[in-house]
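2 protein chains.
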Amino acid sequence: MSDRKRVVIVGAGFGGMSAAKKLAGKNVEVILIDKRNHHLFQPLLYQVATADLSPAEIAWPTRSIFSHASNVSVFMGEVTGIDLPNRRVLSGEHQLEYDYLILATGAVTSYFGNDHWAGLASGLKNITEATNIRKRLLLAFEQAENSQDDAQKRRLLNFVVVGGGPTGVEMAGAIAELGKKALSDDFRRIDPRDARVILVEASDRLLGAFPQSLSDYTRQALESLGVEVRLGTPVSDITKQGVQIGEEFIPAANVIWGAGVQVLDLKDWTQKPADRGGRILVEPDLSIPDHDNVFVIGDAAHIPWGDGGTVPGIAPAAKQQGKYVAGRILDAMAGTKTPAFKYRHAGNLATIGRHRAVIDLNGFKLKGWLAWWFWGLAHIYFLIGMRAPALVMVQWVWSYLFRKKGARLITGEDKDNASAVVPAVRHEAR
Amino acid sequence: MSDRKRVVIVGAGFGGMSAAKKLAGKNVEVILIDKRNHHLFQPLLYQVATADLSPAEIAWPTRSIFSHASNVSVFMGEVTGIDLPNRRVLSGEHQLEYDYLILATGAVTSYFGNDHWAGLASGLKNITEATNIRKRLLLAFEQAENSQDDAQKRRLLNFVVVGGGPTGVEMAGAIAELGKKALSDDFRRIDPRDARVILVEASDRLLGAFPQSLSDYTRQALESLGVEVRLGTPVSDITKQGVQIGEEFIPAANVIWGAGVQVLDLKDWTQKPADRGGRILVEPDLSIPDHDNVFVIGDAAHIPWGDGGTVPGIAPAAKQQGKYVAGRILDAMAGTKTPAFKYRHAGNLATIGRHRAVIDLNGFKLKGWLAWWFWGLAHIYFLIGMRAPALVMVQWVWSYLFRKKGARLITGEDKDNASAVVPAVRHEAR
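As given, the protein sequences belong to chains A and B, one line each in that order.
For the first sequence, my numbering puts the final residue at 430, and the numbers step up evenly by one.
For the second sequence, my numbering puts the final residue at 1430, and the numbers step up evenly by one.
Watch out, some of these pointers could steer you wrong.
As the list claims (entries may be wrong) - The calculated PhoX-like cross-link candidates involving lysine-lysine, where the alpha carbons are at most 25 angstroms apart (straight line), are: (1) A:K22 <-> A:K35; (2) A:K342 <-> A:K267; (3) B:K1240 <-> B:K1267; (4) A:K35 <-> B:K1153; (5) B:K1035 <-> A:K153; (6) B:K1272 <-> B:K1035.
Said to hold, decoys possible - Estimated spans, in silico, between C-beta atoms of each pair: (7) A:E248 <-> B:H1291: 50 to 60 angstroms; (8) B:N1114 <-> A:V108: 36 to 46 angstroms; (9) A:G246 <-> B:L1264: 44 to 54 angstroms; (10) A:D194 <-> B:T1338: 40 to 50 angstroms; (11) B:S1224 <-> A:L377: 45 to 55 angstroms.
Simulated from the structure, these hints should not be mistaken for lab results.
Built from N, CA and C at the ideal position, the CB exists for glycine as well.
Using the sequences provided together with the hints, build the complete structure.
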C-alpha cells in the first residue's frame, strides 16, 4: 500500500459528502462509493413527488462535485460487505482496501414489518420513489376524469398520507395544494378540489419532535388547506382498496408512506450492536466498537443525545457528523487527539403547503408566512453549500411564485400507464 | 347529439395541438385524446438524451395548455380503433362519437423489419426513450470507470449512432461533446475523451434532405468534434457485442437508432391505402378517401410535394396541417369552401455539437456559429408559441452557456442499475 492513507466513504448523502469535502485537498486518498450517481437533496423530495420540482433541480452528479479535487475518486457501485479484520470493503467479487472507513449509507423506508404494504404505499426516500408517487398522483386525476363509476372516482380522488412527521405533513400539504390550486382549472368532468387528503398519525399530535404549540398550529394550518387529520390511531391495514385506520376504512387508490425508516445491512456487515431500527450504536467518536478506524455517521448511526433520546436523522446532523469524522481521521493521522462528537441542534422545520411553515429554533418558534420565507432562505443557503448553480435557486423561487407546471409529467412505459387508465369517454350532452 | 359539433383529435403532438388551438374558443366541442399527459417538443429530445436538459423543460401537461379554453376537453387514453360507418372512436370497451375526426398520432421508431434490434438500439421519439438513452450513456462511463477489463472498457466507451439524418447528426455531436467536454474532468481511471462516437449512414451523405454543401460541412464539423462518420454502408446487424457495418464490426455497448420511423395502427383503423412506412395517402384536403370528415395529419400523413417527394415529417409541417384542417372543419360547418392544402416549406435545420448548426432556408444556406444562434432563436420562438414559461428559455440559454450538469441523473430501479454496474474497485498504487 502506498504511503498516503486511504479513506473509503460509502454513501454520497449529506454525511458522506461532508466528510469527503473536508478531506478534499488534504494529503489523503478518498474513495467515495455510492450505488447511485448523484447526491440528492432529500428535504425537497416531496416537491418532486407533487410535481413542483424536477429531479434534476435537487440532485447533482456526485463526481462532478469533486471533479477538481484530485485526491477524491468517485465510483458508482454497490457495497456488499466488509471484511473488518483485513480492512477491506467488499463489492461483489471485488475488494477495496482501506485505512479508514466511513459508513454513511443512510436509511430506507420501514413498514414496521408489514413489508407487503411496500407495493401499495410508496415511501419517499429517493428520486425513483418520488417520481413514482408523482405518476400515481397525476394518473389518479386522469383516471378519475375518464371514469364513469362514482365509487371508483371517489377512490381515485382519496389520498392517504401515513405518518405525521415532517415528511407526512409536507406531502399532505403539497397534495392538497395540487388538487385545490395547481390542477383546479384543468379538468372538465371532475373537480380536482373534490380530492380528499387524509393524514394519519398514530401518536396524539403531528410533528412529535416539535413543541406542542407548533403541532397544534400545523394541524390547524393543514385543516385550513382541506387536509383531514387523524390522530391517535395507527394504520392497521393497507390493501388495493384502501386503508384501515382503527374502525374506519377509507377507500383510496393513493397511499403514501412517511411513517418510518430503518437502516439495512450495517448490522450484518459489521456484526456490531444496533438498535431496533438497525442503527449502529457508535462510540463517542462515532467509530464502531473495537475498530477506531471504522465510522458510522448520519441516519445510520445511533448517537445518544438529549434526555434519553438520540441525534435525529436530519440533514444538519449528518453534515456535522461527516465533518467531525473527517477531522477525526486527519487528527489520527497527525497523532492529535479529538474530543468526543457533540451534536449542535439548530432546530427543526417543516413546510405546510406553499406558503406556511413551522420552525423551532431550540425554543424560539416561528410559524406562518414568515417561517416559510425563513425556510426558503435556509434551503437556498443549503443549496449554495452544495454548489448548486445560482440558476436553480432563481428558478426555484420563480416557480414558487408562478406555480410552474412543467414538472407535471407522467413518463415511463406506456404499457404501465395505459393499463392503469380507463379510457372511458362517452358521448354526453353538454 | 347536441347541436354543437364535436371534433375529436387523437394525438397531442404538434399537429393535434395546432388544430386544437385553432378550434379553441370557437363554437365547436373539441376532445383531445393522447396516451400521454404531456405535449412534447420532440426536436429537443436529443438534449434530454445527452443530459443537457431535463424532460420537464421540453414537455408540458396538455390539459394545462387548454385549461382556459372551455370548449376543449383533454383526456389521457389510448385509442384502439375507429368505427368509420358509425362515426365513433373506440377505446377499449368505450366509444366516443364524433362529427369530425383528426388523426395526428405521429410516428414511432422503425428498425426496417429487424424488430429484435429494438432492445439493443433505442430510438429517440419520446421522453422515456430519451431518459433510457441518457441512463445508458452515463452508465457506460460509470461502468468503464469501474472496469478492470480493457476490452470491456473499450466496448463501453464506443457509441454507435445509426442514421445520418438530423436525429443521428444531433445525437452524435451531443455525445461527442459529453465525452470530450462535459464529463472530461470527472473521472480518474478513464479519460472520457477516449470515447469513440461512430455515426453510420447507409446513403452517401449526411442530411440527405439538405444541399450537398451543407452535408459536406456537417461531416467535417462532426469530424472536428471527434465523431467518426461512416457513409455508404448500412448496418447489417446489431447484437449485445456491437454493430456490424458491412465488413467492419464495432464492439459497442451503446447503440442509438435514428435511422427510420414508421406509422402504426392507422392503416388498420381506417382500412385505407398507406405507403410503405404506414402513412395514410390523404386527399388534397388531408381527409381520407370517402370520408371527408376524417383527417390524417403530421408524420402520419403521406402528402405529395415537390419533385415526386412528400411533405417531410417535421414540426412546422405538422403545425401547418393542424391549422389547415381546423380551418377546413370550420369552413365545412359554415358551408364555405376550402382550397387544397399547400405546404410552405420554410427550410431544414440541424445542430452539430453545442456551437454549430446548418440551416437551409429554401436555398439560402447558413452554417456554423451564426446558424446555431439562428437555430436558438427559432427554437425560442417555437417555445414561446407553445406558451412555455419565459424561464424555460432563460434557463435553456443559461445552461447552454454554463454547461449545466444538473440533468445528468441516473435514476430508475436500483436493481437495473446495480446489475449493470461492475463495482470493481481494486486497490492500486497511485
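Now for the hints, and whether the structure bears them out:
As the CA atoms of A:K22 and A:K35 are separated by approximately 22 angstroms, the hinted pair is consistent with the 25 angstroms bound. Distance hint between A:K342 and A:K267 is fulfilled; the C-alpha atoms sit about 24 angstroms from each other, no more than 25 angstroms. Annotation: proposed proximity of B:K1240 to B:K1267 is violated, straight-line Cα distance about 33 angstroms (limit 25 angstroms). Between A:K35 and B:K1153 the alpha-carbon distance is near 20 angstroms, which keeps this suggested pair within the 25 angstroms criterion.
For the hint linking B:K1035 to A:K153, the alpha-carbon distance of about 20 angstroms falls within 25 angstroms, and the restraint holds. As the CA atoms of B:K1272 and B:K1035 are separated by approximately 23 angstroms, the hinted pair is consistent with the 25 angstroms bound. Checked against the hint of 50 to 60 angstroms, the C-beta distance between A:E248 and B:H1291 comes to roughly 54 angstroms, which is consistent with it. At about 42 angstroms, the beta-carbon gap between B:N1114 and A:V108 stays in the expected band of 36 to 46 angstroms.
The hinted window of 44 to 54 angstroms between A:G246 and B:L1264 holds, with their beta carbons roughly 51 angstroms apart. Between A:D194 and B:T1338 the CB atoms are about 43 angstroms apart, so this pair conforms to the stated range of 40 to 50 angstroms. The given range of 45 to 55 angstroms is respected by B:S1224 and A:L377, whose C-beta atoms sit roughly 46 angstroms from each other.
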